[in-house]
Structure formats: structure tokens, C-alpha cells
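Q: Single-letter residue listing:
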Amino acid sequence: MTAVIPPTTATVTKKPRRRRMPLARKGFLLVTLGIPFAFYTMFVLWPFAQAFIYSLTNWSGFSDTFDFIGFANYQALLKDDIFLKAVRNNLFLALVVPFTTIVLALALATMVTVGGAGTGAVRGLSRSSLYRIVSFFPYTIPAIVIGLVWAQMFDPSAGLVNGVLTSLGLDRFESFAWLGEVSTAMPVTMFVIIWGFVGFYMVLFIAAIKGIPAELYDAARVDGAGRVRMTMMVTLPMVRETIQTAYIYLGILALDAFVYMAALNASGGPQNSTLTITQDLFNTAFKKGQFGLASAMGVVLAVLTLLFAATVFLVNRLTGGKDR
Amino acid sequence: MSTTENSTDHTTDIPSNSNGKTKDPSDNVAVSKGERTVSVASHLVLSLWTVIVVLPLVWVFLSSWKTTSEIFQSPLSLPKEWSFDNYVRAWTDSNIGDYMLNSVIVVTSALVIVMVLGSAAAYSLARYPFPGSGIVYYLILAGLTFPVFLAIVPLFFVLKNTGLLNTLPGLIATYVAFAFPFTVFFLFPFFRALPQEIAEAAELDGAGEWRTFFQVMLPMARPGIVAISIFNFLGLWNQFLLPVALNTNEENYVLSQGMARFASQAGYAVDFGQLFAAVVITIVPVLVVYIVSQRQLQGSLSQGTLK
Numbered sequence: 001m002t003a004v005i006p007p008t009t010a011t012v013t014k015k016p017r018r019r020r021m022p023l024a025r026k027g028f029l030l031v032t033l034g035i036p037f038a039f040y041t042m043f044v045l046w047p048f049a050q051a052f053i054y055s056l057t058n059w060s061g062f063s064d065t066f067d068f069i070g071f072a073n074y075q076a077l078l079k080d081d082i083f084l085k086a087v088r089n090n091l092f093l094a095l096v097v098p099f100t101t102i103v104l105a106l107a108l109a110t111m112v113t114v115g116g117a118g119t120g121a122v123r124g125l126s127r128s129s130l131y132r133i134v135s136f137f138p139y140t141i142p143a144i145v146i147g148l149v150w151a152q153m154f155d156p157s158a159g160l161v162n163g164v165l166t167s168l169g170l171d172r173f174e175s176f177a178w179l180g181e182v183s184t185a186m187p188v189t190m191f192v193i194i195w196g197f198v199g200f201y202m203v204l205f206i207a208a209i210k211g212i213p214a215e216l217y218d219a220a221r222v223d224g225a226g227r228v229r230m231t232m233m234v235t236l237p238m239v240r241e242t243i244q245t246a247y248i249y250l251g252i253l254a255l256d257a258f259v260y261m262a263a264l265n266a267s268g269g270p271q272n273s274t275l276t277i278t279q280d281l282f283n284t285a286f287k288k289g290q291f292g293l294a295s296a297m298g299v300v301l302a303v304l305t306l307l308f309a310a311t312v313f314l315v316n317r318l319t320g321g322k323d324r
Numbered sequence: 325m326s327t328t329e330n331s332t333d334h335t336t337d338i339p340s341n342s343n344g345k346t347k348d349p350s351d352n353v354a355v356s357k358g359e360r361t362v363s364v365a366s367h368l369v370l371s372l373w374t375v376i377v378v379l380p381l382v383w384v385f386l387s388s389w390k391t392t393s394e395i396f397q398s399p400l401s402l403p404k405e406w407s408f409d410n411y412v413r414a415w416t417d418s419n420i421g422d423y424m425l426n427s428v429i430v431v432t433s434a435l436v437i438v439m440v441l442g443s444a445a446a447y448s449l450a451r452y453p454f455p456g457s458g459i460v461y462y463l464i465l466a467g468l469t470f471p472v473f474l475a476i477v478p479l480f481f482v483l484k485n486t487g488l489l490n491t492l493p494g495l496i497a498t499y500v501a502f503a504f505p506f507t508v509f510f511l512f513p514f515f516r517a518l519p520q521e522i523a524e525a526a527e528l529d530g531a532g533e534w535r536t537f538f539q540v541m542l543p544m545a546r547p548g549i550v551a552i553s554i555f556n557f558l559g560l561w562n563q564f565l566l567p568v569a570l571n572t573n574e575e576n577y578v579l580s581q582g583m584a585r586f587a588s589q590a591g592y593a594v595d596f597g598q599l600f601a602a603v604v605i606t607i608v609p610v611l612v613v614y615i616v617s618q619r620q621l622q623g624s625l626s627q628g629t630l631k
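Protein chains in written order, with the working numbering: chain A, 1 to 324; chain B, 325 to 631.
Among the hints, a few may not be true.
[Claimed, not checked] Heads up, simulated DMTMM-like pairs for lysine to aspartate or glutamate below, C-alpha to C-alpha not over 20 Å straight-line:
#, chain 1, residue 1, chain 2, residue 2
1, A, Lys287, B, Glu574
2, A, Lys26, B, Glu524
3, A, Lys26, B, Glu527
4, B, Lys404, B, Glu574
5, B, Lys484, B, Asp595
6, B, Lys484, B, Glu575
7, A, Lys287, A, Asp80
8, A, Lys288, A, Asp80
9, B, Lys484, A, Asp64
10, B, Lys404, B, Glu394
11, A, Lys288, A, Asp64
12, A, Lys79, A, Asp218
[Stated by the list, open to error] Rough simulated footprint, nothing fancy, chain B against chain A, three-plus residues with beta-carbon under 8 Å:
#, stretch
13, 62-68
14, 71-83
15, 87-97
16, 146-153
17, 186-196
18, 259-272
19, 304-317
[Said to hold, decoys possible] Beta-carbon label-pair distances, calculated as ranges:
#, chain 1, residue 1, chain 2, residue 2, range
20, A, Met233, B, Arg546, 47 to 57 Å
21, A, Asp80, B, Val612, 42 to 52 Å
22, A, Thr319, B, Leu465, 21 to 31 Å
23, B, Ser588, A, Glu181, 19 to 29 Å
Since the hints were derived computationally from the structure, they do not count as laboratory data.
If you're wondering where the values come from, they're calculated on a predicted model, not measured in any experiment.
Note that beta-carbon positions come from the ideal geometry of N, C-alpha and C, so glycine has one too.
Please work from the sequences and hints to get the whole structure.
A: Right under this line is the structure:
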């Protein structure tokens, strides 16, 4: 079992302990579980439940009254070109960002853990702790600041990116607006998100790879397997569960992506090329005051998130992942 | 490859019989050319990534000492003079100091509360399953899978109706509520894995439920508690959506909101030197804490995975 989350296999199993619970224990449970759960219900579960109800109304948020209008909000969303564009952008993000991040993080983690030279046992790269420590830096920086820094890095005239490119003689980039061009806005945005997350997942994968019994590597080595083969035959199957967890986290993140978008292109980018559902939702709710419609967008986002998670589970199962 | 390197850096190596303690006999054998190539190539790729990570940070640091016109003239140059002007202005004009104080208050309070509530709830769920505890557990998990965005609109009104909208206590309450499910989810297996015999022995010795929890079981779950505290801290410190939607009173702004203002101003008359100074002020404290405690963090991360 390898994941950020410790063993997930442990679910609540009901022990056949049917003795009557002592009063002191009942009180203990009421305080330790009852109070947090009541609080959690009020601030998390209840709002979630409400959102589903509001999505069926035409509530503006400011009036006291509203009508139930059935699925009219959803029908309106189906015809809303801007919203559909946002959905497409989100799906694109969910396709590219997790995949690229995980491939890159796995490659770097593999190099750190089995890249060392030697003829005996497989070993890690010498002096690799610096890579590990530095790669994790972005994860300690608030996402809004990451977005802000890279927005400046990609600034047409004062940014470092164009500064370096022009000093290399590529005059074309003298005032190239990376975030202002339809063709580059989205790729650049994806790059920034990936930049922020590779280090964290690299450290996570290093931990997972270290958890693999060394005998497996030694055996593969004795059989004459090279690094690539070892990675495919030993590492990948053994860290499968971690990859699945990482994929779901990154997918949820890519479907949200609000912070990065707010920092890089608050208005949704040129011709809405980086607009996301969450941005559209936020504007619809708090700027246009259409809370019913915004709640419907939230429900669509929730459905997409669940579909994404289900797809990841399914793909993992179909490609031979173990059923825990 | 020295043995001292291995023993100080045991976290990177695959644990093998040759790891650290004894000198690997193969060190004396000539290493093949292919082996060297793999190692050199790995170093090159990792160095390249390190540069990609560090370069923007170095650039931000250098720019934070420049004037706006200097930044625009030549993004690559060093600052002409090293003056604290930008930092003073960032701290006073753009209220970074106040925002940071708000962030510290909100994150610290929320972190303490969620750790107390979360560990208590995880412990009770793990130790005393009762009819219906499975439902409670899955309802808590459900909070993890839904996007926060779905709840944000009704949450706005929950806070408004309770008079907590635009207040720091209101923000603390929502931080606690949304960090709660992950905390329970993470700690539940830790408490489940603890030997129940010890708790039963403590109870036989006359310790009550509370004493057993706080003095016996909680200390034993320490690795899990440390790990989830770090995750919660980073998550809450970086929180953006909740404050932006629920905390619009400028006096109560947290750091991420203060920085977002710079983002929305970008393109207009922004004082870029001040902006970069604010970024440095924001990044450095957490970065320093991370560098100091990174061994513990990486340790707890692998502890979480290997358990």
C-alpha cells in the first residue's frame, strides 16, 4: 500500500462486539465524534446538499424568494458557449496536467533512487538530497504567488523568459505576450501548474520506490535487466496505487485550477482560452448574482470530478491493477 | 562514492544490504561505462530541473531590490544598489505585514482546532465502531470528493446567517470544516493500527477514556499527527478560494488575498519592485521552515507511505 494517505484498505469493519456500551464511553463518543461531526455537517455537508437544491431554482442570491424551475439551469448551460468553452478547457487541463506531472515526477524520482552507478546492488544517485530538497520548493509557495511570479516571468517586455530568449538572439520574442496569445496562453498556464507540483510528487514517488523490497531490484539486475526494463517491470507495477492516488488528486486540481487562473489571466485569457468552470462559476455567483445558475455549474463540476475519479479507477483496473 | 555520504543520506537510497553501514565491495570493482552514463545523464537531467525551479526564485529575489524602471530596462541585470526601499514599501504601503499577521492568526487557530477535532474523531471512529459508524465515516469521506466550489455559494449564506461572514472567526471555522475530512481520513488508519491491548491495559489500570486517549493513544500516533499537521499547514496557508469568497473585508485579508490584489492590478501602474519584495516576504518564512524541517517532513512522508 503506497499513497500519501496511509493504509486506505482499512475501512470500518463492524466487530461483533455487541456488549452494551458504558455510559462514560457514550459521553466520550458524543464529545469526540458528535461535536466535530455536527460542525462538519453544518459547514460542509449542508452547503453541499443545498447546492443541489439551489441548482434547480432561479435564485439570484439577493432576493428572499425564488422559484423551482426544474432543470432549466442545466438546459441553459448546455446552450451557453462560454460555459462549454470552460468545460472543454477543464477537460483539456485534466487530460494533460496529471499525465505530464506524473511522468516527469516518476522519471526524476527513478533517477534519484536507481540512477547511481555501480556494479553491485542497485543504488541511489550520489549527492541527490539537494535535488530532492530544491524540487520541493514550489510546493511551499502559495499557488497565488506561483501564478504571480510566472505571470511576471512571462511578461512581454520585463520578463525573464523573453529576456533570456532575446539575449540568445531570438529577436522574435522581444515583446511576445505568452499569456496574451490564444496559441500559447493555455500551454504556458499548464506549464506553471506542472512546475508547482512535480517536486511534491517526485518526493512522494521517491518514498514509494524506497518502499519496494530491494531484493526485487537485485533479482532483476542479476537477470540482466537494464534501468529502463527495471523501471517498467519492477518500479511501475509496485507504485501503481500511488500513481492512481496522485492521478486523482491532480485531476481534481486541474478541474479546479482557480488560483492559477486568477493569477495568470484573471479575465479568462485571450478569447476565453484559459477560462475554467470555476472562474465562470465565481463570476456568475458573485458578480452577476445568479446563484441558482452558479450552483448548477458547481453540480456539473462535481459530476465531472466523480467521473474523472471513476475513469482513473477503471483504467487502472483494466490495465491490470490489483483489486486491492 | 563515500560511505559517509551514504549514511548521512540514507533517505534517498533504496534500502539494500549494501546501504550505508558497510562499504559496498563493488565500489572497488571498475564500474562499467554504461553505468557511468546512466549516472551522469541522471545528474544532468536533475540539475536541469533544479535550475528550472530555482531560476525564477533567484530572479524574483534580484528584482525585489530593483526599481521598476530597472526591471523594465534589463530583466537579467543585477540591481544597481541594494536598498531596502522596496521591502519597506511592501511592508507598509501594501499592508503585507497586516495580511501576514491575519494569515498567522487564522492558520494557527484553524490548525490547532482541526488537529484536536480531527484526531479525536478519527480515534473514536477507529476504536469504537458502533452501528452506523460506517455511514459517518463515508459521509466524512464524501466531503473530500466534492469540489469546494460546489459548496461555496450556500456556505456564503451559512456564514451570513450566523454573522460570521467577513470575520476571522468565520474564516477559521470554514478552514477547520474543510480540513476536517482529510485529517480524519489520514489519521483513521493510524489509530486503527495501534495495539488495542495497550489501551485496554491503561483502562484496567484505572485510566478513563480521556486519559487513555490523550496520554496513551495520541502520543503513539505521533508520526501520523506530525505528517498531517504539515500537510494541513501548507494547505491552509495556501488557501485562496475560501478567503476570496468569504472574507471580503479588507482589514481581514489574508496573505493570499493581498497577493491576489497585485495580480489583478498587473498591467496597470504596478510598483514592480514592491511586488517582488512582497513575494519574497511571503515565500521566505515558509521556505526557511521547510529547509530546517525538511528531513522530518520527508521522513513523515515515507512513514505515511510505508506504514
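Q: Would you list, in rising numerical order, the hints stated earlier that this structure does not obey?
A: 4, 5, 12, 13, 14, 15, 17, 20
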